[in-house]
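Novice: Sequence:
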Amino acid sequence: MDKQIIIIGAGGHAKVLVDVVKKLNLLVLGMVSLTGEENPIFGIKILGTEPTILQYTAKSISLLNGLGMLPGPKHKIRQQLFEKYKAAGYSFVSVIHPCTIIGLDVQLGEGVQIMAGAVIQPSVVIGNNTIINTKASIDHDCIIGEHCHVAPGATLSGNVIVKNNVHIGTGASIIQGVVIGENSVIAAGATVYKDVLANTTYLN
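Going by the numbering used here, the sequence shown opens with residue 1, and the numbers climb by one from there.
If you're looking for bench data, these hints aren't it; they were derived computationally from the structure.
Be aware that one or more of the hints could be misleading.
Listed below are the simulated EDC-like cross-link pairs for lysine to aspartate or glutamate, each with C-alpha atoms no more than 16 Å apart in a straight line [unchecked claim]:
| no. | residue 1 | residue 2 |
| --- | --- | --- |
| 1 | Lys86 | Glu50 |
| 2 | Lys15 | Glu37 |
| 3 | Lys59 | Asp19 |
| 4 | Lys15 | Glu38 |
| 5 | Lys163 | Asp195 |
Here the structure is a predicted model, which means the values were calculated and not measured.
Construct the complete structure from the given sequences, taking the supplied hints into account.
Specialist: If you want it as structure tokens, here you go:
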């Protein structure tokens, strides 16, 4: 029997995930709140605050990381939650919206989330805890690291390498063969035609 799922967070990104898990008919025990929300989302109840997770054993539940990822001071909270509960022995569910296209030989890490309308072409690798958001397009042979967010409508041409902890903004375009250094932010709507160094905010 499949383990039931607890969704971490009860905000906007978690709301989208609830929609996905319902379409996939996954077993959801409930959600835990990070900021005090108490109202159920689409019938999924709030079990309590985040420490409530520890009332359940890692053998009895899986987790779904419902915290979104935006640039700024809270950039790494999603990563910290993932690493905290992995260290405690819990596993994270990967979810793929049914309205996506996934090519051959695609490798997905633990806790990857692929949203509606995304296209993942052949031989793409996506690291743990990464979000490929609505209508993002990832072309052949791209390698995307851990704890990244490819925001809605972003486009990566073939053979792009994205290191860990990168945020690629809404509608950004990355041409083929570019390397995006770790901890970088690509601004919404930017066109990236050259490598981006680590810890850089790219605005062009």
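Novice: Sort out which numbered hints this structure fails and list those numbers smallest first.
Specialist: 3
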